[in-house]
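J.: Single-letter residue listing:
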Amino acid sequence: MSDNYTQIGKSVPRIDAFEKVTGQAKYTADIKFSNMLVGKLLLSPHAHARIISIDTSEAEKLPGVKAVITHKDVPSKRYGLSPARWDENIFCIDKVRYIGDKVAAVAAIDEETVYKALKLIKVDYEVLPAVFDAFEAMKEGAPQIFEEYPGNINTEIHQNFGDLDQAFKDAYYVRTDRYDGQRTYQCPLEPHATIAYWEGSKVTVYSSIQSVHYLQYYLSQVLDLKMGDVRVLKTYIGGGFGGKMDPSGLDFGAVILAKKTGRPVKMWFDREDMFFNNRGRHPQFMNITTGVTKEGKILGVHADFVMDGGAYTGLGIASAYYAGALLTILYDFENYKFDMLRVVTNLPGCGAQRGHGQPQPRYAFESHLDNIAEHLGIDPLEMRIINARKPGTLTVQGFRVDSYGLKEAMEKAREISGWRDKKGKLPQGRGIGMGNGGFVSGAGYAIYRTDLPHSVATIKVTDDGTSAILYTGAVEIGQGSDTVLCQMAAEAMGYRYEDMKIVAADTDLAAHDLGAYASRQTLMSGAAVKQAGEDVNKKILDTAAEIMGVSNEELDCRDGIVFVKSNPEITKTFAEVARTYFVKNGQLIGRGSYKPPKLGGVHKGSAVGTSPAYSAATQVAEVVIDEETGEIEVIEAWDVHDCGYVINPALLHGQVHGAFYMGMGEAIWEEVLFDKNGKLMNGNLAEYRLPTALDMPPVASELVDTVDPNAPWGVKEVGEGATTPTMGCISNAVYDAIGVRVKSLPFTYEKIWRAIKEKK
Amino acid sequence: MNLPDFDYYIPASLQDACALLAEKGPGAKVLAGGTDLLNKMKHELMAPEVLISLKKLDQLTSIDYVSGKGVVIGSMATHNAISNSSLLQEKYLSVCEAAQHMANNQVRNVGTIGGNIVNAVPSADLPPIFIALGALLTLVSTNGERVMPLEEFFTGPGKTHLAPDELLTGIVIPDNSFTGSTYIKFGLRRSGALAVVGVAVAVEMDRNICKDARIALGAVAPVPMRAKKAEAMMIGNAITDELLEQVGVCASTECNPISDIRGSEEYRRDMVRVFTKRALRKAINNGHV
Chain A
23 MSDNYTQIGK SVPRIDAFEK VTGQAKYTAD IKFSNMLVGK LLLSPHAHAR IISIDTSEAE
83 KLPGVKAVIT HKDVPSKRYG LSPARWDENI FCIDKVRYIG DKVAAVAAID EETVYKALKL
143 IKVDYEVLPA VFDAFEAMKE GAPQIFEEYP GNINTEIHQN FGDLDQAFKD AYYVRTDRYD
203 GQRTYQCPLE PHATIAYWEG SKVTVYSSIQ SVHYLQYYLS QVLDLKMGDV RVLKTYIGGG
263 FGGKMDPSGL DFGAVILAKK TGRPVKMWFD REDMFFNNRG RHPQFMNITT GVTKEGKILG
323 VHADFVMDGG AYTGLGIASA YYAGALLTIL YDFENYKFDM LRVVTNLPGC GAQRGHGQPQ
383 PRYAFESHLD NIAEHLGIDP LEMRIINARK PGTLTVQGFR VDSYGLKEAM EKAREISGWR
443 DKKGKLPQGR GIGMGNGGFV SGAGYAIYRT DLPHSVATIK VTDDGTSAIL YTGAVEIGQG
503 SDTVLCQMAA EAMGYRYEDM KIVAADTDLA AHDLGAYASR QTLMSGAAVK QAGEDVNKKI
563 LDTAAEIMGV SNEELDCRDG IVFVKSNPEI TKTFAEVART YFVKNGQLIG RGSYKPPKLG
623 GVHKGSAVGT SPAYSAATQV AEVVIDEETG EIEVIEAWDV HDCGYVINPA LLHGQVHGAF
683 YMGMGEAIWE EVLFDKNGKL MNGNLAEYRL PTALDMPPVA SELVDTVDPN APWGVKEVGE
743 GATTPTMGCI SNAVYDAIGV RVKSLPFTYE KIWRAIKEKK
Chain B
-3 MNLPDFDYYI PASLQDACAL LAEKGPGAKV LAGGTDLLNK MKHELMAPEV LISLKKLDQL
57 TSIDYVSGKG VVIGSMATHN AISNSSLLQE KYLSVCEAAQ HMANNQVRNV GTIGGNIVNA
117 VPSADLPPIF IALGALLTLV STNGERVMPL EEFFTGPGKT HLAPDELLTG IVIPDNSFTG
177 STYIKFGLRR SGALAVVGVA VAVEMDRNIC KDARIALGAV APVPMRAKKA EAMMIGNAIT
237 DELLEQVGVC ASTECNPISD IRGSEEYRRD MVRVFTKRAL RKAINNGHV
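Residue numbers (our numbering), protein chains in the order written: chain A, 23 to 782; chain B, -3 to 285.
FYI, nobody ran anything at the bench for these hints, they're computed from the structure. The beta-carbon is built from N, C-alpha and C at its ideal position, and this holds for glycine as well. Where hints are given, some of them may not hold.
[Unchecked claim] Straight-line alpha carbon distances no greater than 30 Å define the calculated DSSO-like cross-link-like pairs of lysine-lysine that follow:
| # | chain 1 | residue 1 | chain 2 | residue 2 |
| --- | --- | --- | --- | --- |
| 1 | B | 278 | A | 782 |
| 2 | A | 782 | B | 225 |
| 3 | B | 224 | A | 779 |
| 4 | A | 316 | A | 781 |
| 5 | A | 138 | B | 38 |
| 6 | A | 282 | A | 138 |
| 7 | A | 117 | B | 38 |
| 8 | B | 155 | B | 207 |
| 9 | A | 773 | B | 278 |
| 10 | B | 155 | A | 701 |
| 11 | A | 561 | A | 626 |
| 12 | A | 765 | A | 191 |
| 13 | A | 319 | A | 434 |
| 14 | A | 117 | A | 94 |
| 15 | A | 698 | B | 155 |
| 16 | A | 83 | B | 36 |
| 17 | A | 781 | A | 765 |
| 18 | B | 224 | A | 54 |
| 19 | B | 155 | A | 54 |
| 20 | A | 138 | B | 225 |
| 21 | A | 138 | B | 20 |
| 22 | A | 141 | B | 20 |
| 23 | A | 144 | A | 99 |
| 24 | A | 447 | A | 781 |
| 25 | A | 141 | B | 224 |
| 26 | A | 773 | A | 444 |
| 27 | A | 138 | A | 94 |
| 28 | A | 779 | B | 51 |
| 29 | B | 25 | A | 141 |
| 30 | A | 191 | A | 429 |
| 31 | A | 444 | A | 765 |
| 32 | B | 87 | A | 138 |
| 33 | A | 698 | B | 36 |
| 34 | A | 83 | B | 38 |
| 35 | A | 698 | B | 38 |
| 36 | B | 25 | A | 701 |
[What the hints assert, rightly or not] Computed beta-carbon distance windows for the label pairs:
| # | chain 1 | residue 1 | chain 2 | residue 2 | range |
| --- | --- | --- | --- | --- | --- |
| 37 | A | 149 | B | 225 | 46 to 52 Å |
| 38 | B | -3 | A | 94 | 25 to 31 Å |
| 39 | B | 60 | A | 52 | 41 to 47 Å |
| 40 | B | 225 | A | 178 | 57 to 63 Å |
Let the hints inform the model, and build the full structure from the sequences given.
T.: Below is the structure:
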């Protein structure tokens, strides 16, 4: 069937490749407006302190300073990306809650003046005791960070499905393992930046943000503006990975400073500021218990987790739910209990990092499954095959999983990695391991409660039909959505990708969309785009039928050519038909809109984890460990993904490589570190060690074919799912190599060295 | 991050540079590649009132062999200039290799050997190999020139014997009879990582007998240090795996590492053992200095 497609299923060049490769692409921080001021935030030097007073008078007197704002100058309404816990202010009012918390902002004529002015703001603090560890924070007598979170517990989840006690009674073997995750940060290459300017009562905001819709919504909510008066758009974005979802101090600061000064204001983060703003991965502390039959069939699972949320909630409540929700997708079991405490601490707030809440639990579960398989004397891959979910099934919480190729992915990974010849047979110091993962292809529900569609698309065919413009709110952040959506539009229209243009992620000029998160755009934005393309296609065929004197059912249109199906020699070009339509009917426009059907069960939190379609992935990695130093080298990796029908294979494999890279970084090198006073120790790219190109192994990326019935052309996600197996996969490879389990992320050389030493 | 205000001078001669340095006093700092200094200034760890740039002093970038003296490397030679120098590749390939494993390519293009030494960061990559090779420093001030062994130059982290009005102009590797040398940097990723442990060795072998050995350790003490007891175990003895292991153990007890975010004291000590052994083995087998 895919052979009939002319625009999709092909590795066409990216629509933005030329601009990016030649350096013409302008990112937000590159943009200049005449008369533009620059602004910076003043951040808290204390981890927990009461604000006694703020004196901005000296800063205001400095020549070149145009505005200084504190909490007194801005609305006091609290916000947070998830509406379930609005606990953050634009600027701190009564107290600061971590080193890096937002206290004030300055706008001035140049950068130099801004930095000088920041130093002139005098803030009197009464330093309070602070707490930096989730377990310490829950103890009696611990410093209370928020009045509304007694015991510093911000979110408490207790879900119970089936009869776990009975399952454990029936089990041949019940095992508990504890694994700990670490705090990581996304580190997108492009630092966040925002530019805002006002025209009368209307404000325009350029932001490096993953969702223009949510930023528009939150700016209007917190600043009490009409949504229609807030225009949010973006230019090029250099990566997000979840770190550019939340509205930041830059967005609020620039809008308010621009209002106050009547001039455009640009604000941006330095690399260290990005670590303060954070919204990276929550560290999770995971007890996991599983009961299995003698054959390795999983009967029940208890996930008992604690997560450190840092100072604010942001999207963290969703992270907490995701941590448990998705554990049930991969393997089919009937009994499941999920307990979670999300705890606030005096550290930067955590959020949604690639795989959202799930990669660390997957690391725990995949490591745990290998332990069980070893105890039972079963090959861990074969044990997973026994348990792999089948297509067209419901999880214990009521998530419907239609297409699902996990079993096939494992079988293919087993073959291409040489698993059977290697597992348990490699020399000491060398090991192979596998892990599974996957993700939602878009969340079933928006982040805040709304009946809006999730994605809308409009296609305008230009007057003479020689180009068409796709209007979408989908956000290109580097993953390739502009390219993929234009391929989809062209395919549905019967048009050519090369003749497509795109206007995306502009709340005034483009169309509505919830944006780039939860791996949603290929499926959800794609669904709206497909409809819009089909709408155009129908109008073209109707018009062509009139011109050609045949019925529209006799016609088809592909690759920009309308032809009679029974006699493809008889043709009209799409362009001439489109021109005729324009002359007779006005602008040729196609419209599409997508909202997922009602999904999920009825339990509390049942919305998190729902999706029209679930991807599945198996990864295998081979490692070599220097047993004297603990240095670990990943020498080769294999990823087999079930991501439904593939629109652009080159972009897809790029996502797999990037996701593996990111997961490998979290597995071995990356950890955000603080000293005993909560001061950030490694907010830079020298000491926050992302892997380099030299650390990256060759990755074989392969696919299994599924076509999901709930998705346009059967597409599913790839961007986040491919990060979820990696940490577990490397954990298992390390164990295979040295015969001892490192029970916390990351597997630093020193931890491995210590584990080997303790084994001896 | 922003640079604080400072006055900026670009002297055209060494004499002018020294005069300026003497005139401006301790508030002045010398700017070479700036990879360390400007970064510290942006982070407000240092706020010199005056920067004296050496960028017009072309004579300080040369790398030459001066007969009777040895190889003379100008203090303004960049890491990449050192790593690509055909003279050094021929005579001291180990120095080129050490320079090549410094930081990342961008830093290697502007960072200088003089800056690397004068900054006196305990984990710096180049001092250990130069110390192992017995290098001398040329220090110049308005009062004239003096020569000091690099090994004696450092007094603590960020501290040296350099007088406030003195400039480091060159590093001299005197002629010697070493048959092999090497520097092994152990960092926590393949590139762009500071050394957790750096081990440089130079050996003079007569078949299997070690006639001379120098072991210099980086990142495991307040200053780059020689492991002299370990060296003594080598000299005059036939080399065996057992001996190298013992030498490694000895070096690990001689060093004085701290625990920090890159590694614990215990780990660093054991890495000194491992990499002293490996560096010696490599230098003995290398066949080049």
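J.: So, for every hint listed, does it hold in this structure?
T.: Here is how each hint holds up against the structure:
1. For the hint linking residue 278 of chain B to residue 782 of chain A, the alpha-carbon distance of about 27 Å falls within 30 Å, and the restraint holds.
2. Straight-line distance between C-alpha atoms of residue 782 of chain A and residue 225 of chain B comes to about 29 Å, which keeps the hinted pair within the 30 Å bound.
3. Simply put, residue 224 of chain B and residue 779 of chain A have alpha-carbon atoms about 28 Å apart, close enough for the 30 Å limit, and the pair holds.
4. Restraint check: the Cα-Cα separation between residue 316 of chain A and residue 781 of chain A comes to about 28 Å, which is no more than 30 Å; the hinted pair holds.
5. Using a Cα cut-off of 30 Å, the hinted pair residue 138 of chain A and residue 38 of chain B holds, with the two alpha carbons roughly 13 Å apart.
6. Of the supplied pair hints, the one linking residue 282 of chain A and residue 138 of chain A holds, its CA atoms being roughly 20 Å apart against a limit of 30 Å.
7. Only pairs whose Cα atoms come within 30 Å are accepted, and residue 117 of chain A paired with residue 38 of chain B is accepted, the gap being roughly 28 Å.
8. For the suggested pair residue 155 of chain B and residue 207 of chain B, the alpha carbons sit about 34 Å apart, so the restraint of at most 30 Å is broken.
9. In summary, the hint linking residue 773 of chain A to residue 278 of chain B is supported, as the alpha carbons are separated by about 27 Å, within the 30 Å threshold.
10. At roughly 26 Å between alpha-carbon atoms, residue 155 of chain B and residue 701 of chain A fall within 30 Å of each other, so this suggested pair holds.
11. For the hint pairing residue 561 of chain A with residue 626 of chain A, the CA-to-CA distance comes to about 45 Å; that exceeds 30 Å, so the pair is violated.
12. The hinted pair formed by residue 765 of chain A and residue 191 of chain A meets the criterion: a straight-line CA distance of about 27 Å does not exceed 30 Å.
13. A hinted pair counts as satisfied when its Cα atoms are at most 30 Å apart, and residue 319 of chain A with residue 434 of chain A qualifies at roughly 21 Å.
14. With a CA separation close to 14 Å, the supplied pair residue 117 of chain A and residue 94 of chain A stays within the 30 Å bound.
15. For the hint linking residue 698 of chain A to residue 155 of chain B, the alpha-carbon distance of about 27 Å falls within 30 Å, and the restraint holds.
16. Restraint check for residue 83 of chain A and residue 36 of chain B: satisfied, since their Cα atoms lie roughly 28 Å apart, inside the 30 Å limit.
17. Among the hinted pairs, residue 781 of chain A with residue 765 of chain A is consistent with the structure: their alpha-carbon atoms are about 14 Å apart, no more than 30 Å.
18. This hinted pair does not check out: residue 224 of chain B and residue 54 of chain A have alpha carbons roughly 60 Å apart, beyond 30 Å.
19. The hinted pair formed by residue 155 of chain B and residue 54 of chain A fails the criterion: a straight-line CA distance of about 44 Å is larger than 30 Å.
20. For the proposed pair residue 138 of chain A and residue 225 of chain B, the alpha carbon gap of about 53 Å is over 30 Å, so the pair is violated.
21. Restraint check for residue 138 of chain A and residue 20 of chain B: the C-alpha separation of about 25 Å stays at or below 30 Å, so the hint holds.
22. For the hint linking residue 141 of chain A to residue 20 of chain B, the alpha-carbon distance of about 27 Å falls within 30 Å, and the restraint holds.
23. Between the alpha carbons of residue 144 of chain A and residue 99 of chain A the distance comes to roughly 24 Å, so the proposed pair stays at or under 30 Å and holds.
24. Pair hint residue 447 of chain A plus residue 781 of chain A holds up; C-alpha atoms about 20 Å apart against a cutoff of 30 Å.
25. Restraint check: the Cα-Cα separation between residue 141 of chain A and residue 224 of chain B comes to about 49 Å, which exceeds 30 Å; the hinted pair is violated.
26. Proximity of residue 773 of chain A to residue 444 of chain A is assessed by CA-CA distance (about 25 Å); at most 30 Å being required, the pair is judged to hold.
27. Among the hinted pairs, residue 138 of chain A with residue 94 of chain A is consistent with the structure: their alpha-carbon atoms are about 22 Å apart, no more than 30 Å.
28. Restraint check for residue 779 of chain A and residue 51 of chain B: not satisfied, since their Cα atoms lie roughly 50 Å apart, outside the 30 Å limit.
29. A hinted pair counts as satisfied when its Cα atoms are at most 30 Å apart, and residue 25 of chain B with residue 141 of chain A qualifies at roughly 24 Å.
30. Proximity of residue 191 of chain A to residue 429 of chain A is assessed by CA-CA distance (about 28 Å); at most 30 Å being required, the pair is judged to hold.
31. Taking the CA atoms of residue 444 of chain A and residue 765 of chain A, the gap is about 23 Å. The hint holds against a cut of 30 Å.
32. Taking the CA atoms of residue 87 of chain B and residue 138 of chain A, the gap is about 51 Å. The hint is violated against a cut of 30 Å.
33. Proposed proximity of residue 698 of chain A and residue 36 of chain B is supported: the alpha carbons are some 23 Å apart, at most 30 Å.
34. Taking the CA atoms of residue 83 of chain A and residue 38 of chain B, the gap is about 24 Å. The hint holds against a cut of 30 Å.
35. Among the hinted pairs, residue 698 of chain A with residue 38 of chain B is consistent with the structure: their alpha-carbon atoms are about 24 Å apart, no more than 30 Å.
36. Only pairs whose Cα atoms come within 30 Å are accepted, and residue 25 of chain B paired with residue 701 of chain A is accepted, the gap being roughly 29 Å.
37. Between residue 149 of chain A and residue 225 of chain B the beta carbon distance is about 48 Å. The supplied range of 46 to 52 Å therefore holds.
38. The hint said 25 to 31 Å for the Cβ distance between residue -3 of chain B and residue 94 of chain A, and at roughly 28 Å that hint holds.
39. Taking 41 to 47 Å as the suggested C-beta distance range, the pair residue 60 of chain B and residue 52 of chain A conforms, at roughly 44 Å.
40. For residue 225 of chain B and residue 178 of chain A, the hinted distance range of 57 to 63 Å is satisfied, since their beta carbons lie about 59 Å from each other.
Violated hints, listed in ascending order, are 8, 11, 18, 19, 20, 25, 28, 32; each of the other numbered hints is respected by the structure.
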